[in-house]
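K.L.:
Below are the chains, spelled out letter by letter.
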Amino acid sequence: EPEVTQTPSHQVTQMGQEVILRCVPISNHLYFYWYRQILGQKVEFLVSFYNNEISEKSEIFDDQFSVERPDGSNFTLKIRSTKLEDSAMYFCAAGDMYEQYFGPGTRLTVT
Amino acid sequence: RKEVEQDPGPFNVPEGATVAFNCTYSNSASQSFFWYRQDCRKEPKLLMSVYSSGNEDGRFTAQLNRASQYISLLIRDSKLSDSATYLCVVNRYSSASKIIFGSGTRLSIRP
Numbered sequence: 734e735p736e737v738t739q740t741p742s743h744q745v746t747q748m749g750q751e752v753i754l755r756c757v758p759i760s761n762h763l764y765f766y767w768y769r770q771i772l773g774q775k776v777e778f779l780v781s782f783y784n785n786e787i788s789e790k791s792e793i794f795d796d797q798f799s800v801e802r803p804d805g806s807n808f809t810l811k812i813r814s815t816k817l818e819d820s821a822m823y824f825c826a827a828g829d830m831y832e833q834y835f836g837p838g839t840r841l842t843v844t
Numbered sequence: 240r241k242e243v244e245q246d247p248g249p250f251n252v253p254e255g256a257t258v259a260f261n262c263t264y265s266n267s268a269s270q271s272f273f274w275y276r277q278d279c280r281k282e283p284k285l286l287m288s289v290y291s292s293g294n295e296d297g298r299f300t301a302q303l304n305r306a307s308q309y310i311s312l313l314i315r316d317s318k319l320s321d322s323a324t325y326l327c328v329v330n331r332y333s334s335a336s337k338i339i340f341g342s343g344t345r346l347s348i349r350p
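Residue numbers (our numbering), protein chains in the order written: chain A, 734 to 844; chain B, 240 to 350.
No lab work stands behind these hints: they were computed from the structure.
Glycine included, each C-beta is placed from N, C-alpha and C at the ideal position.
Fair warning: there could be bad hints in the mix.
As the list claims (entries may be wrong) - Which bits of chain A does chain B cover? Going by a derived footprint, with three or more residues having C-beta under 8 Å, they are:
1. 764 to 776
2. 797 to 808
3. 831 to 837
Whenever a hint applies, use it, and build me the whole structure from the sequences.
P.N.:
This is the structure:
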């Protein structure tokens with residue numbers, strides 16, 4: 734099974750600060766995704782990324798969020814000004830249109 | 240109505256039992272279907288894709304009924320290691336790829 738790595742494993746930040754979450758898919762997959770999971774809740778789709786651009790985003794993915802794949806390997810999620818409610822587990826996934834492989838996640842805690 | 244609905248459980252069954260999970264989806268445009276498992280505080284892991292013809296992988300059998308918009312997962316001869324939350328996932332293709340997760344059904348296998 735392809736391996737997706739994410740860093741950091743845990744990030745603590747203060748409200749209003751910017752955070753960048755990183756993902757490295759180790760494969761030749763073409764689709765990349767970010768999801769979040771608030772503790773005790775379901776996994777929620779944030780954004781999909783294909784051919785170096787966003788292909789779809791959810792209503793959660795507002796102007797505070799951005800994604801990029803600057804060097805062809807790292808895939809990043811930036812939250813410009815974090816809010817308390819951004820505290821969650823953020824999962825990166827890579828795959829094709831049919832199957833996805835998830836990274837271990839970054840736990841983001843906003844204080 | 241939620242786009243993907245699952246019985247939240249928990250299902251508490253003895254080792255060796257057969258257990259079945261159901262999932263319904265509301266959008267008839269949905270085109271691909273999956274079961275994932277998620278262990279506590281871990282990432283979702285793909286268990287199997289679900290096809291109209293039904294598919295089996297060892298002790299696991301998945302079925303799709305497009306007419307009823309219903310997906311099922313059957314686990315035979317359950318093991319302690321099957322204890323996890325089982326997530327029903329639905330994908331609507333467009334040029335974008337929007338993936339919807341159900342809230343999951345928690346399964347606990349007792350010795």
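K.L.:
All hints, please: hold or fail.
P.N.:
For each hint, the structure was consulted:
no.	hint	verdict
1	764 to 776	holds (count 6)
2	797 to 808	violated (count 0)
3	831 to 837	holds (count 7)
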